[in-house]
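Colleague: Here is what each chain is made of, one letter per residue.
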Amino acid sequence: MDAYYSSFIYLAVFVPLITGLMLLPMNTSAVNTTRSIALVGFVVPCIVSIWFAFGFYTSSASGEVYQALSSVDLGLEGLLGISLRFGLNGVSMPMFLLAGIVGLASGLYAIATAAHRLNLYLALLLIMLSGLMGTFASTDIFFFYFFHELALIPTFIMIGIWGGQGRRTAAMEMAVYLTLGAMISLVGLIMLYAQAPAIKTFNLIELKKYFQATGGATVLADNTFAMLLFGFGILVSLWPFHSWAPRGYAAAPSSAAMLHAGVLKKFGLYGLIQIAAPLLPIAGSQWIEVLIWLALGNIVVIGFITMAQRDLKLMVGYSSVMHMGYIFLGIATLSVAGMGGAILLMFAHGLSAALMFMLSTSVYRRTHSYDLNEMGGLGQQAPLLAGFFIAATMANIGLPGFANFWGEFTIFIALWNQYPWVVVPAATGVIISAVYGLRAVANIFFGEVSQSLKDYSKEHPITDIRLGERVPAIILLVALLAVGLYPKWMGDKLESALLKDYAKPQAVAPANVHVN
Amino acid sequence: MNLEVFKVFAESNIWSALWVEIALVLLALGLLVLELVLPANAKRTIPSVAIAGQIILLVLASIQLIQMPDDCSGMYFSQMILQTPQSAIMRIFFLLGGIFVSYLGTVYLARRELPKMEFFHIVLVVTAAFMILVQSHHFVVFFVALETLTIGFYVLVAYCRTSSASLEAGLKFLILGGFSSAMLLFGIVLLYGVAGNPLLPGYSTDSMNFSNLATFITQNPTNPLVLGGAVLVLVGMAFKIGVVPFQIWVPDVYQGAPTPVTAFLAVCSKAAGFIVIINLLNGPFLGLSDVFIPLLAVVAGLTILFGNIAPLSQRNVKRVMGLSGVAHAGYLLAGVVAILCGSAIAHGAIIFYLFTYLLGSFAVFAVMAHVSQKEDEIQEIDHYENFAKHNPFLALALVCGLGSLAGIPPLAGFIGKLILFIAIFKAGLYTLLGIAILGVVISIYYYFGWIREAFFHIYAIGERGTTDDREQLVDVLKPTPMHALAIGVLVTGILVLGFYQGGLIDRLFYML
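Chains as they are written, first to last, in the working numbering: chain G, 4 to 519; chain U, 1068 to 1579.
Okay, chain G solo, but in the shape it has when bound (with noise of 0.2 angstroms):
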């Protein structure tokens, strides 16, 4: 049974990635063909993902264990220990689902611009959206670094071409910056791999049994804990890293954030969670307090700094660095209930971030403008839009109803258990998001017609949001009510998942951290 779900996790990899190849050397006038063929390529891992999610949540199964598994060795096997290995688990189903979802919306949003060179343009949306499904998709810990630099790559190229102001700079601070971070997280995991040489492999599962029978608790896994701790920290602009993540964001053409700050980011994340803390634990536990005060910096520094900001676009880039430090807070737990709740989180966050990247190039085209001051009344002409935009906010800012309702809700318990100082701060977190989200919507929508804007609606009229743009708002606006109404199935496969791996490392928490 195995052998045939797994050849649908091929699908969902490598169709996007041939199409994509397909759409290279085609004429650009062909835009149809164009658009029909990328149209397969984004369709299909979004259903495989979903069937795949459908089957996983009602099957009886712990969500512990690996389903459709397989492995194929491309020649590095006997030398080094890598095979493309896929499977999928409680933790790394969510992403695979996150991932088919919002390919879907961004590709959706893609297909219906009419950018330059489209067939270039939805080329390396598919390559990206490849390698995002196969990274989250691999047991095997090459390959799951590998399908992320598979993504990383088409994110440089179009920042670069069809990104907008200082893209050229944005581009080439984001390449620099993450080829860093992606680096030392590279030595990260080849140092993993060097720590265990009596199995010689790459593969995640093997690893994860020889580390907890042998424990690994040496200096050196202390040091490789900070290696991916940092190196995936850069990547997931943990402050104060995260520098190029709102320029980035700012100058990024709308698709490509979407799956960015949506998908991609995700993977340093669920990088600690399903690699880092599991492997290492008791090294994780030293880096605790570190990585709380960073995450701190991450939601009240950030969040002021959010607050400051006049252009919508670096708002949503800076909100969603913010949010990253709710995130670390679940892990540092190292609980169940804090590992959940950041995975639920990253879930819905990606959901949302993507929406909020999506709604705001909505709001440029109508208004040709992102400067917050200029704007105001639109919900007068764009009533449609003014409605999705609130609702993204309201899911930002993670009211209940919505997914990161309870990502954030069971990261807040988690820290209250194990250090309730922390929760202050952090919950100071909300009422920031609270205020610069609303306030983006008055200026937005609300209000007098400024006066630029209507100097600018004289030539071009306003209109309400297109179908284009309302199909992949729907679709992540529906994934996020439905997990937020029901998040039964996905905690409960959280829940048997993380069980085994974060039952026990509360108790070796150090002694100079408080624990409850």
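Since the hints were derived computationally from the structure, they do not count as laboratory data.
Model, not experiment: these values are computed from the prediction.
Glycine included, C-beta positions come from ideal geometry on N, C-alpha and C.
Just so you know, not all the hints are guaranteed correct.
[What the hints assert, rightly or not] Subject to a maximum C-alpha distance of 30 angstroms in a straight line, what follows is the list of computed DSBU-like cross-link-like pairs (lysine-lysine):
| id | chain 1 | residue 1 | chain 2 | residue 2 |
| --- | --- | --- | --- | --- |
| 1 | U | K1110 | U | K1493 |
| 2 | U | K1239 | U | K1441 |
| 3 | G | K503 | G | K212 |
| 4 | U | K1183 | U | K1110 |
| 5 | U | K1493 | G | K203 |
| 6 | G | K491 | G | K212 |
| 7 | G | K211 | U | K1493 |
| 8 | U | K1493 | G | K212 |
| 9 | U | K1456 | U | K1493 |
[Claimed, not checked] Using C-beta positions, here's what the derived DEER-type ranges look like:
| id | chain 1 | residue 1 | chain 2 | residue 2 | range |
| --- | --- | --- | --- | --- | --- |
| 10 | G | I202 | U | S1129 | 31 to 39 angstroms |
| 11 | U | V1302 | G | D225 | 51 to 59 angstroms |
| 12 | U | I1089 | G | V34 | 57 to 65 angstroms |
[What the hints assert, rightly or not] Stretches of chain G that chain U covers, calculated by requiring three or more beta carbons in the stretch to come under 8 angstroms of a beta carbon on chain U:
| id | segment |
| --- | --- |
| 13 | 150-162 |
| 14 | 458-465 |
Please build the complex by placing chain U on the supplied structure of chain G, with the hints as guidance.
Modeller: Frame of chain G; chain U shown alone:
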């Protein structure tokens, strides 16, 4: 020496063992004959003959390596030639290099009024010399092979005799090359002298032989003459591969030399240098490992840093390629240190890295040869403005080549770096690995800056939302179908090796 000894010597003269090298030289001589006998309008076929001959040799040598690997090993010519699986693999490497240099030569010479046939002749002879060099097991053969190829390079670097830059590069290369040969020779003489001293243990009457020298050095590792000689030999080789502090000639010579020659120097000359260094350090100088490990580690670290920092401010792409080549020499040298530290996979990692470096470099140099104008030495990054829009195929090759050199997955260069870095890690050289990683990150800046120039101008949105449609600055030679085929082979190699290495890596590591 009596008659019997000579008979034994003569018996070991198996000429058929050197069939590839002999065939190459015969082909080179054949080109001279063709130049004489062919009518003027048929002389255009000479480059094709050279390339076709090398392709046939490549196929035959590959068949021999795969089908009869045992035939590729042995000691011949009274222990002057030592053939190993490594030397058979490097034959393939140098043939590939020779083919691509010949192809670049056709592109380069198409635009210039220069003698054509001589270029291919010298390339063939130098290729044969590379092969002999990596098989040499005796300092006499070693030095003769080395001088053959160095003299060939003196001519090739100054090949464009109408260009002052090419002549300047030729002069610089001649003086510094002569200087390094002198040091090398001095080192050889010191070793020969001290190892032939009957008062010392392990002395030999044939002390230029690597095996005899190895025996002697393991018994006298602290002798100052041994140390001095070995260091001088390595300094001579360090000049050839261009590691710090002997890299000063690299940017000027790389810039002035014709683009195909730059590629030849960057890829084949460097590869040969590294194989020789491995042969020496793993053979005669094995007894000196304790001295050389820290020395080479420092040199490797400095080379990586220099090779990555120096190109940051360069605008001339030939200098960028030269200086980044220094960085690659640094990574490889770190791999050599890993071999000395006992890392089992480092040797294979270096050879695999060389192959990925060959593919990536030639892809980039091929694009450069097509972009190169009348003044070959003036190839600025600005010439690549709007490049992708007008030459999508060449731009693809450029991206694949640069990406592979930078070590970005899923391209071949990444796998090469991965295996090399794992080897360095396993040897316990953590500081060196850290420097190498830092170097890779810095290198993204200049490699990516080049890609940025080629791609990111295309759809520039101007102030008022208009598309910026500037034309190209330079006129690019359109690839003919044969050129496209050569570039296609390189790009395919880069992409396939990045994704799938099935069989290749296992076989390579098994053979060594």
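Colleague: Compare the structure with each hint and give your call.
Modeller: Here's how the hints hold up against the structure:
{"no.": "1", "hint": "U:K1110 x U:K1493", "in the structure": "54 angstroms, violated"}
{"no.": "2", "hint": "U:K1239 x U:K1441", "in the structure": "22 angstroms, holds"}
{"no.": "3", "hint": "G:K503 x G:K212", "in the structure": "12 angstroms, holds"}
{"no.": "4", "hint": "U:K1183 x U:K1110", "in the structure": "9 angstroms, holds"}
{"no.": "5", "hint": "U:K1493 x G:K203", "in the structure": "12 angstroms, holds"}
{"no.": "6", "hint": "G:K491 x G:K212", "in the structure": "29 angstroms, holds"}
{"no.": "7", "hint": "G:K211 x U:K1493", "in the structure": "21 angstroms, holds"}
{"no.": "8", "hint": "U:K1493 x G:K212", "in the structure": "22 angstroms, holds"}
{"no.": "9", "hint": "U:K1456 x U:K1493", "in the structure": "45 angstroms, violated"}
{"no.": "10", "hint": "G:I202 x U:S1129: 31 to 39 angstroms", "in the structure": "35 angstroms, holds"}
{"no.": "11", "hint": "U:V1302 x G:D225: 51 to 59 angstroms", "in the structure": "41 angstroms, violated"}
{"no.": "12", "hint": "U:I1089 x G:V34: 57 to 65 angstroms", "in the structure": "59 angstroms, holds"}
{"no.": "13", "hint": "150-162", "in the structure": "holds (count 5)"}
{"no.": "14", "hint": "458-465", "in the structure": "violated (count 0)"}
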